[in-house]
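A.B. asks: If you read the protein sequences in the order shown, they are chains A and B.
Each residue of the first sequence is one higher than the one before, counting from 13 in the numbering used here.
Each residue of the second sequence is one higher than the one before, counting from 100 in the numbering used here.
For the record, the hints were derived by calculation from the structure and aren't laboratory data.
Since the structure is predicted, the reported quantities are computational estimates derived from the model, not experimental observations.
Using N, Cα and C, we set each Cβ at its ideal position, and we do this for glycine too.
Hints are not guaranteed to be accurate.
With a straight-line cut-off of 25 Å between C-alpha atoms, the simulated SDA-like cross-links for lysine to any residue are [to be verified]:
hint, chain 1, residue 1, chain 2, residue 2
1, A, K136, B, L349
2, A, K136, B, K193
3, B, K193, B, H429
4, A, K136, B, H429
Simulated coverage check for chain A against chain B, where a stretch passes if three residues somewhere in it have a Cβ under 8 Å from a Cβ of chain B [stated by the list, open to error]:
hint, stretch
5, 63 to 76
6, 92 to 98
7, 125 to 134
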Amino acid sequence: MAPGTRPLIQLRDVWKVYHLGDVEVRALRGISLDIQAGEFVAIVGASGSGKSTCMNLIGCLDQPTRGTYRLGDVDVAALSANERAAIRNRRIGFVFQNFNLLGRTTALENVALPMIYAGVPFWKQRRRARELLAAVGLRGRERHLPSQLSGGQQQRVAIARALANGPSLLLADEPTGNLDSQSSIEIMDLFVRLRRERHVTIILVTHEPHIAEYTRRVVTFRDGRIVSDLPRAASRHTLEIVRG
Amino acid sequence: MNLIWMSVVTALRALRRNVLRSALTMLGVIIGVAAVVTMVSIGRGANAAVQQEIQSLGNNLVMIIPGATTVSGVHTSSGSAGSLTVADATAITKECPAVSEVAWAKRQVVQVVYGSQNWATPAQGVPPSYLSVREWPLSAGRFFDHRDDASANPVAVLGQTVVDQLFTPGEDPLGATIRVKNVPFEVIGVLARKGQTAWGQDQDDVVLIPFLTAERRVLGTQILGTVDMIVAAAATADVLPKVEPQIRALLRERHRIPSGQDDDFTVRDLNEIAEASKNASAVMMNLLLSVASVSLLVGGIGIMNIMLVSVTERTREIGVRLAVGARTGHILLQFLVEATALSLVGGAVGIVLGFAATRLIAYLAQWPTLLSAPAAAGAFLVAGAIGIFFGFYPARRAARLDPIAALRYE
Chain A
13 MAPGTRPLIQ LRDVWKVYHL GDVEVRALRG ISLDIQAGEF VAIVGASGSG
63 KSTCMNLIGC LDQPTRGTYR LGDVDVAALS ANERAAIRNR RIGFVFQNFN
113 LLGRTTALEN VALPMIYAGV PFWKQRRRAR ELLAAVGLRG RERHLPSQLS
163 GGQQQRVAIA RALANGPSLL LADEPTGNLD SQSSIEIMDL FVRLRRERHV
213 TIILVTHEPH IAEYTRRVVT FRDGRIVSDL PRAASRHTLE IVRG
Chain B
100 MNLIWMSVVT ALRALRRNVL RSALTMLGVI IGVAAVVTMV SIGRGANAAV
150 QQEIQSLGNN LVMIIPGATT VSGVHTSSGS AGSLTVADAT AITKECPAVS
200 EVAWAKRQVV QVVYGSQNWA TPAQGVPPSY LSVREWPLSA GRFFDHRDDA
250 SANPVAVLGQ TVVDQLFTPG EDPLGATIRV KNVPFEVIGV LARKGQTAWG
300 QDQDDVVLIP FLTAERRVLG TQILGTVDMI VAAAATADVL PKVEPQIRAL
350 LRERHRIPSG QDDDFTVRDL NEIAEASKNA SAVMMNLLLS VASVSLLVGG
400 IGIMNIMLVS VTERTREIGV RLAVGARTGH ILLQFLVEAT ALSLVGGAVG
450 IVLGFAATRL IAYLAQWPTL LSAPAAAGAF LVAGAIGIFF GFYPARRAAR
500 LDPIAALRYE
């Protein structure tokens, strides 16, 4: 990245505090993180380390208790729920561990879903959903229901859906967590290819070191703080610490 | 547009997913709408029958019949007293300002013969004013006039039933000679068909002859000028309530009835009878409609209940939709459409069922019914409104879900 370019994601001293009854849970304790457009970042950490909370904030599903989050040139903390919905719709794509496809809805309609909320005309939805399914290698499966597809295929549908409105940011939360190793490799290859071809920024949460291997940068969370933020080559050691 | 279409498709899919549950949910609305449609049809049918009855008797009529005689304390039947006369009738025309026209009748069941056919029918001796008072048109020929009446001409005007009984189809009764109690009469006119009264009497089964002819030649009389019935038409509908007291006062005076003693005649306001039966059916209809609306209300609560269940079941789906960019309004719309679809489908089924029930009742009970498109449309719209009203709370709950919690929901 050229110096002076504003990062795509800019978190500054972000806190997230929950109140569970009388107990105060400090999920994030002053996170600062910059991610440039086009980066491929892995977020790792034990469960409860705050990585999921951080992903929810980056994905505009939640808002920080304190601190600032800028996505591009937008101050997310100042947005209403509907404005955040619009950002999720057009600028962010989500990929979940359990796919989260609509069960009685065909692959094509699942992919079209974000476009419906974006107000894309019907015929354009269809055409683009077809193109996206072809791009993730599911040509000919448009009319299949999720139950008729394998786990890896379902995750491909979910990735196609995440790309529906041409977002600049893809957030994947344990995308290979429910997949066998062969499917995991295929899905990760797909992410690598999408980043190269479509120039999307990809952030993925994982606790599997060999998945983090695919990325260029590994950010490690522990107890609501970032404990390391290293390029991939230097991250192996950290990963082993996490695993151990 | 797109969004509404998707909502409708999603809604119908959700309904189809669990047909039995959807059907049971809709049952309240179905019963409510069917009840409304059926009740209104029956009520309108009853009203139309009453209306027709009023029309067939003639508008704004008051009927006066002689009272019962009392001989040594024994009452005979009403109408047997022979206390009303033609003079009473003409006096009513002259002295009751609220009355515009008066007719009277002398009535007896007689044997009527034409060729080899014969038929027993009430012969009525009436003045020429009878048809205009009863608002009864002719279908052929002419009615007898004052000359016929004054000279007691043997001319007759037949009701349709009598024509059907005496003449072969296609035969022209005009000019034919029939025998009434063995007296030859020339048929000069045929009455238009009037149908039955509400109590099942065939009004077309009648032979009308001039009053004097009846009195002098056919029916005979003990006292000249007595009549079996006087019919008075009110000048306008507004003065109808005044007609009865005016006639009563006049007749009591003419019959020299001391105050405190009963009338020797009966005055019946035909509209009043009709009005009473109309009111009775209206009361009944309102009663049943309120029961129907309770059913609609219960149906609405059923819809709310099942929508709440549906929102809980589909929490994850809502989470996914929110994550991919659905706004609260989108989710609200989706579940509102779903609740409304439930109630509208229920309403449509209810209308079909209501029409079927109406037909069945009309067939089995032989009640007059009249299907009402506005009532069906109204019930349908009310059903839709109920869907929106009772669907709003569950829909709002769905729309207010926190996306993170909804996505994690198991």
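A.B. asks: Would you mind marking each hint as holding or not holding in the structure?
C.D. replies: Quick rundown of the hints versus the structure:
| no. | hint | result |
| --- | --- | --- |
| 1 | K136(A) / L349(B) | 89 Å, violated |
| 2 | K136(A) / K193(B) | 88 Å, violated |
| 3 | K193(B) / H429(B) | 78 Å, violated |
| 4 | K136(A) / H429(B) | 20 Å, holds |
| 5 | 63 to 76 | holds (count 4) |
| 6 | 92 to 98 | holds (count 4) |
| 7 | 125 to 134 | holds (count 9) |
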